[in-house]
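Protein chains in written order, with the working numbering: chain A, 1 to 87; chain B, 1 to 87; chain C, 1 to 87; chain D, 1 to 87; chain E, 1 to 87.
In case anyone wonders, no lab produced these hints; they're calculated from the structure. As the structure is a computational prediction, the values presented were derived from the model and not from experiment. Don't take each hint at face value.
Any copy will do: because identical chains look the same in the list, a pair fits if it lies in one copy or spans two.
Unchecked claim - List time: in silico BS3-like cross-link candidates among lysine-lysine, alpha-carbon distance up to 27 Å:
1) Lys-23 / Lys-5
2) Lys-31 / Lys-5
3) Lys-5 / Lys-36
4) Lys-36 / Lys-23
5) Lys-5 / Lys-18
In case you want the letters, here they are:
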Amino acid sequence: MIVGKVVGSVVATRKNEKLVGSKFLIVEPYKSMNIKEKMVAVDNVGAGIGEIVLVATGSAARIGLNLDNSPIDAAIVGIVDDAVGLE
Amino acid sequence: MIVGKVVGSVVATRKNEKLVGSKFLIVEPYKSMNIKEKMVAVDNVGAGIGEIVLVATGSAARIGLNLDNSPIDAAIVGIVDDAVGLE
Amino acid sequence: MIVGKVVGSVVATRKNEKLVGSKFLIVEPYKSMNIKEKMVAVDNVGAGIGEIVLVATGSAARIGLNLDNSPIDAAIVGIVDDAVGLE
Amino acid sequence: MIVGKVVGSVVATRKNEKLVGSKFLIVEPYKSMNIKEKMVAVDNVGAGIGEIVLVATGSAARIGLNLDNSPIDAAIVGIVDDAVGLE
Amino acid sequence: MIVGKVVGSVVATRKNEKLVGSKFLIVEPYKSMNIKEKMVAVDNVGAGIGEIVLVATGSAARIGLNLDNSPIDAAIVGIVDDAVGLE
Numbered sequence: 001m002i003v004g005k006v007v008g009s010v011v012a013t014r015k016n017e018k019l020v021g022s023k024f025l026i027v028e029p030y031k032s033m034n035i036k037e038k039m040v041a042v043d044n045v046g047a048g049i050g051e052i053v054l055v056a057t058g059s060a061a062r063i064g065l066n067l068d069n070s071p072i073d074a075a076i077v078g079i080v081d082d083a084v085g086l087e
Numbered sequence: 001m002i003v004g005k006v007v008g009s010v011v012a013t014r015k016n017e018k019l020v021g022s023k024f025l026i027v028e029p030y031k032s033m034n035i036k037e038k039m040v041a042v043d044n045v046g047a048g049i050g051e052i053v054l055v056a057t058g059s060a061a062r063i064g065l066n067l068d069n070s071p072i073d074a075a076i077v078g079i080v081d082d083a084v085g086l087e
Numbered sequence: 001m002i003v004g005k006v007v008g009s010v011v012a013t014r015k016n017e018k019l020v021g022s023k024f025l026i027v028e029p030y031k032s033m034n035i036k037e038k039m040v041a042v043d044n045v046g047a048g049i050g051e052i053v054l055v056a057t058g059s060a061a062r063i064g065l066n067l068d069n070s071p072i073d074a075a076i077v078g079i080v081d082d083a084v085g086l087e
Numbered sequence: 001m002i003v004g005k006v007v008g009s010v011v012a013t014r015k016n017e018k019l020v021g022s023k024f025l026i027v028e029p030y031k032s033m034n035i036k037e038k039m040v041a042v043d044n045v046g047a048g049i050g051e052i053v054l055v056a057t058g059s060a061a062r063i064g065l066n067l068d069n070s071p072i073d074a075a076i077v078g079i080v081d082d083a084v085g086l087e
Numbered sequence: 001m002i003v004g005k006v007v008g009s010v011v012a013t014r015k016n017e018k019l020v021g022s023k024f025l026i027v028e029p030y031k032s033m034n035i036k037e038k039m040v041a042v043d044n045v046g047a048g049i050g051e052i053v054l055v056a057t058g059s060a061a062r063i064g065l066n067l068d069n070s071p072i073d074a075a076i077v078g079i080v081d082d083a084v085g086l087e
């Protein structure tokens, strides 16, 4: 998983039917993680812009959200309250 | 997922039989996503050259398209209408 | 898998219910592995800050931990006692 | 998927038994894809050195080839006849 | 898959129980593959330090080794006898 900050959102009216109802947020990895690529993740915890979140990627994202058959490869699965080692 | 722009297409007459009928589009990640690698994705939403799209990768691509047994690792699953945070 | 050092931890009170009880540790890949990206991994072996560990990523992480349906994409699956070739 | 050029081949006499009969080709991503890493892919379409091919990676490679239980993570699944946007 | 050289090994006494009996080797990708990251792979073919090997990654590693439920994401699945295009 990675720790990142929610920096935006994406709206797609025309989309795969299994994605209807999903909220797509743009996550920028936390600077000290040394990951430069942003990602679009489906929100699973009610995250909002500016929050620091935990993101799971790959098959873990869709299966962890009980959306086994959806085309989802990244999901916000936690709101980070505190972190040590990322200063 | 990533947000990208459809910049081209690929034609392959000789291919795995499960790919017959699939449309292969070349997607360039949106500049501010900080991803330099382009990808070839199967279209699932009627996307065209120049459109901004949402792409799912990995097993999510084939399973999300109900093409569980096809050799597909990336799929265009949405047309992006609006995005905040990618300016 | 990669060899890395546990350099921190993450606390997330609000999270996917399947993650309740998991310990999230931040792992920095061992320098000579030439991997700059840090990762957040679920601890499976009682690892602590400062320890050198073995991390499995992708579907192997959740399935290897018997947490098949959890949104986990990285897990600490060993404490490294000795290594040759990473000096 | 990626578009690449077949630039070589690999012979391995001692190998996992499920790989017996597979042809391993080295693929260099097409320059404009901005992917520098080469990969070894199992041929599924009778590709030869110098041909431009479509490569699927991850679980899609083995499942798409009906080799669900083989240790294959990349497969050549098409011969590219024409491409727009990769000039 | 990638072609690499076995450059070391890792010993972990305390580990996930499904990893007991596995041999962990450190593989450095062959220079011309343009992959800088090393990886730790489970040996499936009796490879030794200094040998040039074929490595499969992702779910292919554990499933290809009939270790479907083990936290393994990379495996050495062949000893390379000869290669064209990697000079």
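Is it within a copy, between copies, both, or neither that the alpha carbon of Lys-36 lies no farther than 27 Å from that of Lys-23? both (23 Å within a copy, 25 Å between copies)
Can you give me the call for Lys-5 and Lys-36, within, between, both or neither, at a CA distance of at most 27 Å? both (12 Å within a copy, 19 Å between copies)
Could you figure out if Lys-5 and Lys-18 sit no more than 27 Å apart (CA to CA) within one copy, between two copies, both or neither? both (26 Å within a copy, 22 Å between copies)
Under a CA distance limit of 27 Å, which applies to Lys-23 and Lys-5: within one copy, between copies, both, or neither? both (15 Å within a copy, 20 Å between copies)
What label fits Lys-31 with Lys-5 when the C-alpha limit is 27 Å: within, between, both, or neither? Answer is both: 9 Å inside a copy and 18 Å across each meet the 27 Å cutoff.
Hint compliance for this structure: every hint is met.
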